[in-house]
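Since the structure of chain A is provided, determine the placement of chain B on it from the hints.
Protein chains in written order, with my numbering: chain A, 1420 to 2170; chain B, 15 to 241.
It should be emphasised that the hints constitute simulated quantities derived from the structure, not laboratory data.
Quick caveat: nothing in here was measured; it's all calculated off a predicted structure.
Some hints could be false.
Among the chain B residues that face chain A by a calculated CB cut under 10 Å, a handful are [stated by the list, open to error]:
id: 1; residue: Y69
id: 2; residue: F81
id: 3; residue: R129
id: 4; residue: T147
Over 10 Å on every C-beta distance to chain B, these chain A residues come out as not near it, computed from the model [what the hints assert, rightly or not]:
id: 5; residue: R1457
id: 6; residue: G1589
id: 7; residue: E1719
id: 8; residue: D1766
id: 9; residue: G1841
id: 10; residue: G1861
id: 11; residue: V1864
id: 12; residue: T1977
id: 13; residue: G2009
Glycine included, every Cβ here is placed at the ideal spot set by N, Cα and C.
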Amino acid sequence: MSTDSVRRALETPAERQPYAELGMKDDEYQRVRDILGRRPTSSELAIYSVMWSEHCSYKSSKVHLRQFGTKAPKSEALLVGMGENAGVVDIGDGWAATFKIESHNHPSYVEPHQGAATGVGGIVRDIMSMGARPVAVMDSLRFGGADQPDTRRVLPGVVEGISHYGNCLGLPNIGGEVAFDPCYIGNPLVNALCVGLLRKDQIKLATAPGPGNKVVLFGARTGADGIGGASVLASATFEDESQAKRPAVQVGDPFMEKLLIECCLELYQADVVVGIQDLGAAGVSCATTELAAKGTGGMEVNLNLVPLRDPTLLPEEILMSESQERMMAVVTPDDIPAFMAICDKWDVPATVIGEVTDTGRLVMTWDGDVIVDIPPGTAADEGPVYERPFHEPAGQAALNADGPERLPRPEDLRETLLTLLGSPNVGSKEWVTSQYDRYVRGNTVLAQPADSGMLRISEVMPGAQETTRGIALATDGNGRYAKLDPYTGAQLALAEAYRNVAVTGAKPLAVTNCLNFGSPEDPEVMWQFSEAVRGLADACRTLGVPVTGGNVSFYNQTGSTAINPTPVVGVLGVIDDVAQRVRSGFTAPGLRVLLLGETREEFGGSEWAHVAHGHLGGLPPQADLEAERSLAAVLTEAAARGLLEGSHDLSDGGLAVALAESCLAQGVGCAVTLPGEDAFVELFSESAARALVCVRPEAFDAFADLCVRHDVPCSGLGLTGGSALTVEGVLDVPVEELREVHSSALPRVFG
Amino acid sequence: MSAARVGVVTFPGTLDDQDAARAVRLAGAEAVPLWHADHDLKGVDAVFLPGGFSYGDYLRCGAISRFSPLMTELIPAAQAGLPVLGTCNGFQILCEAHLLPGALTRNEGLHYICRDQRIRVESTRTAWTADFTDGQEIVLPIKHGEGRYVADADTLAALEGEGRVVFRYAGGNPNGSLNDIAGITNEAGNIVGLMPHPEHAVEELTGAPSVDGRHFFTSILKRLVNA
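Next comes chain A alone, as it looks inside the complex (with noise of 0.2 Å):
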């Protein structure tokens, strides 16, 4: 068949055309007809079908996410919001941060070891675009049961690509999560973030200004992997032929993402880069109709110039493909030479396929012909939006109303906190985390099993100043509570990040968000989806971060079973003396054991009626919100003082396992007291803005005004020293059992 030229699509009006096998809607093909006045050509219906697609356009959840931006609570932090590759956040001294946490579930699922490798690679470009030096990854990963057979190919292969590609990136992996949970047998979540630096002055966007400035493609040659992979695997529920969508997987190669982060960089310093976008899913459809619609909406491209590793590719194969480790950069005539000139010093193809044009037309040629001849903004701004019917799932007061106190409570609580201990979602992560390098260049100040990651601020940039501050990240997530409530468990994780990023004795900034949902055609889900946004935006407002940016992803179902709704939310945070970081934990004898916050009978959704009775029911714990800020205000001042030798948030297994984690971050026992009366709910409950820390003797009464002064609940527990987590009356377990069961949960399953 000759190629489908504008002109041929005008004389062959009523061609029929694939738009259903593209995931097009009829009412959105006519939209396309109608924008053209005319049907579009294969080539631009390639382009429409994967710019449209909900991965790219966000139909469905648009109208809910915008809460983000109309909830936004002020932020002078904020220098690039929602809408850019990833958001930017002054951290001060000339510094700016960038982050983002980006999906790839369906690939993982589907290819283990190259869905989960891509995902990274895909999300360390985005922070590339933004001008950025990638610094670190962490990775949120949810698995089936940790016994169930598929979950034995689907983690070690995701385990085994991310390692392979973040460690040959360079990038420490500095923390993250890892749970289990049936739901996700046939859906695994895998979020990764990446976080970059850069002086705040030379923040790079994605736009294509001033005609007669050259687009080149450079990185990669564009081959056959991927294709169709933005609609036909993020937009489709599983059923059960994934092998037959096998080819529709990138394949990653991270030795050349690595050269593209050098030479990027060094690009960005010589400035010869106008304007710059990594090509992500929809390659270089997305690259040339979002750089095009935000420049001056013009732009020339000659297809046959894009290089090749497959020599047969059709245009519409390469206008589709998502060949990895490619990105696309407007640049000044002039500077072309110097351009090509650091390209070629780090191996990296480039070559000029296009020219920007005042013309608001994207014009594409094969062969002399023009295949594509469309207005940008229409593919890359004006996709459908839909206001998806909602309403509350038909089993949902009933799941409320099956509350946890009808569970019989256990005799022996030593044996309930090392069950606990040596379940999958507790027990220790070091099978996986140990096979991610956390130290490389150098600047790791915490990672796993700390309660956020941290890194110092030492990059080399021309120009930079130097600085003590450190940045935190943490992520957290928990699907049993979105269950019940998505609405509360949406504020929960951002709580517990929140959280998380405090007790290391950083200042909480901003928020990236990874939603995971079912299908958006079950008014159920979206239902769930949309409690989950508003939950999250009001949280973000009353605790003063803003969402820079983040992720959507829907479809996570298999047949008519969707995953627990599952928002996965990223805190980052500042520190404005690094070395004043708190380590967690008990880092030494003879310090004081404190608890903070307010423990309340919450046991919904709770870790222990998981484990012990395979029980989801009732409500999750409070979001009180104003406690945790005052949580993280106690925290955050109390580390630039100096008054804590160590801290560790409570969450999952509540007090107990967090005094045993404690115990066993530098193998230090501990002998404390409870203060309640119900030794049980003192141990397990889950309530949520409550953290563990230990002070000198001396610092106490410093530390315990701090508390009062922001009417933070403190309680005395005792001392930390011994070789055994004593609870006076209650349990008394020796470091070294605790070891032996926490260390040896994974291990027991994945070998």
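Same frame as chain A, but now just chain B:
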């Protein structure tokens, strides 16, 4: 007196060069960047080949790097006595270049492993280890997927017999290396290769929970100053 100058080599895919340069500077020396494509050692007094995945580790770790322009200068200089330290991928390159015997193969457990590892210093008679004491136990991070040291029986016997095993893993062999070997030296003692990372153990605040890596750099500095 001008500071000693230690070259830090960057290949495409080198990752720990920033850390290596920092460790050199913290010890009081000047870190001189050396680029793989240059036939130029810039007159440095010693060379540090840091870790990473040079040339993507395609073919075999270090196999392509040994043919780079810089290596064609470095190989004869090292044979003539220039002190050279190779860590991780740097060790792999030294083996591929036949500056050190043996080879590094896939870890026994087949997984990449990153952990703080106890290591015993077996020889202080090299350019890079004089500041340790014989038999001293130190902690350095390891982070590699292909760190299992192998060599034929004669080579192993020679290394052991001549006291050229410089470091051995203690408290558990992480990768299946023969004789628990973590690092070795050449006959002259100027070239040392090891899988662990001294450059990640030089500061209290960052990296491994130890500063044992500092002694590598103080060792070489004293030697250069006294030379």
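Checked hints:
Hint on Y69(B) holds. Least Cβ distance to chain A is approximately 7 Å, under the 10 Å limit. Hint status for F81(B): violated, given a least beta-carbon distance of 15 Å to chain A, over 10 Å. For R129(B), the shortest C-beta to C-beta distance to chain A is roughly 5 Å, which falls under 10 Å, so the interface hint holds. For T147(B), the suggested interface contact is broken, since its CB lies about 25 Å from the closest CB of chain A, more than 10 Å.
The non-interface label for R1457(A) is consistent with chain B: the shortest C-beta to C-beta separation is roughly 47 Å, beyond 10 Å. A beta-carbon of chain B comes within 10 Å of the beta-carbon of G1589(A); the shortest separation is about 3 Å. Every CB of chain B is more than 10 Å from the CB of E1719(A) (nearest about 33 Å), matching its label as outside the interface. Distance check on D1766(A): its Cβ comes as close as 6 Å (rounded) to a Cβ of chain B, failing to clear the 10 Å threshold; non-interface status is violated.
Every Cβ of chain B is farther than 10 Å from the Cβ of G1841(A); the closest lies at roughly 21 Å, confirming the non-interface assignment. Distance to chain B contradicts G1861(A) as a non-interface residue, since its nearest Cβ pair spans about 4 Å, not more than 10 Å. For V1864(A), the requirement that its beta carbon stay farther than 10 Å from each beta carbon of chain B is not met, with the minimum near 6 Å. The Cβ of T1977(A) lies farther than 10 Å from every Cβ of chain B, with a closest approach of about 30 Å, so its non-interface assignment holds.
Distance to chain B confirms G2009(A) as a non-interface residue, since its nearest Cβ pair spans about 20 Å, more than 10 Å.
Of the numbered hints listed earlier, those contradicted by the structure are 2, 4, 6, 8, 10, 11.
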